[in-house]
Amino acid sequence: MKAQSNEKRCPKHLLTIGLKEVLTKVSNSQLVAIFLDYDGTLSPIPRRVTKLERPLSETSRNIIYELSKQNKVRIFIISGRSVESLKRLVGIDSIHYIGVHGHIIRGPDIEYTHNALEGFKSVINDIRGRIIETLSKVEGVVIEDKGVALSIHYRGVDRYRSREILEQVLRISSEYYGVKLSKGKKILEVLPNTGWDKGKAIDYVLAILSTKTGLSINRIAPIYFGDDKSDENGFKLLRGKGVGVRVGYRCNTNAEYYVDSTDDVVKFLNELKRWVS
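Add 987 to the 1-based position in the sequence shown for our numbering, that's all there is to it.
What the hints contain is simulated information worked out from the structure, not anything from laboratory work. Do not rely on the hints blindly, as some may be mistaken.
Unchecked claim - Only pairs whose alpha carbons sit at most 16 Å apart, straight line, appear in this in silico EDC-like list of lysine to aspartate or glutamate:
1) Lys1260 with Glu1053
2) Lys999 with Asp1251
3) Lys1223 with Asp1251
Unchecked claim - Derived Cβ-Cβ restraints for the label pairs, each shown as a range:
4) Lys1007 with Ser1081: 21 to 31 Å
5) Pro1042 with Ser1248: 14 to 24 Å
6) Arg1226 with Ser1197: 39 to 49 Å
All C-beta atoms, glycine included, are put in the ideal place defined by N, C-alpha and C.
Put together the whole structure using the sequences plus the hints.
Okay, here's the thing in structure tokens:
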């Protein structure tokens, strides 16, 4: 039996090494589907969470809007946030929004709600009330109610209390059937345990695009930018048949490329606009 390789997969820098490769894929396609995470990808993550919504910068909004007007381009903002929150933050009607880690999709020609979400609002409300009661005295905790999911931000919490928060949220959420706890960058998310994720949502969207346009899947070039553990399923889906780009360098990722910052994401989008215009 062939021994399994323990070699780490380290991505290439998109702008200095991979740009020509990626733009060649774009040239060889008939449609480009761009998937952009929000927090940490389009909008920098602040050192401390003082407010839950940080609107997209004018520079980023302008390039996304300009790209959305290109016939060859479709843009999807994909996030753990709710669709309503994403629409407020980005404010562009001509693109699609994929919220709650792929469970809800809204846009000009794609509407989707995962059929397992029904009934989760009451469960999340119950969990939310208990978490607020338990963590009310912990300074720096910010709780975000997304209707069918819940986020607990603890970036502003003293480090020694972080483990306490994790233990308490895990204890409460584990008492409920059909929910799961996901951990991100100083954030805990209580989510419906549906088996659905960002990768499956992207796969669904690509199939819909293929049907609506009459193009075969291999004529569509999907490009996905993300920065967190929740984006890895999307990177994995696209490995070998699309482009996965991680914001921030690290090995052991399914992304083939990386950029250093949210500013680099905008730089690439500008390069792409010049290429497809």
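Now for the hints, and whether the structure bears them out:
1. Lys1260 with Glu1053: The given pair, whose Cα atoms are some 8 Å apart, holds under the 16 Å limit.
2. Lys999 with Asp1251: Distance of about 14 Å is within 16 Å: holds.
3. Lys1223 with Asp1251: violated, 22 Å
4. Lys1007 with Ser1081: 21 to 31 Å: Hint holds: Cβ distance 29 Å, inside 21 to 31 Å.
5. Pro1042 with Ser1248: 14 to 24 Å: holds, 18 Å
6. Arg1226 with Ser1197: 39 to 49 Å: The hinted range 39 to 49 Å is violated for Arg1226 and Ser1197, with Cβ atoms some 19 Å apart.
Comparing the model with each earlier hint shows violations of hints 3, 6; every other hint is respected.
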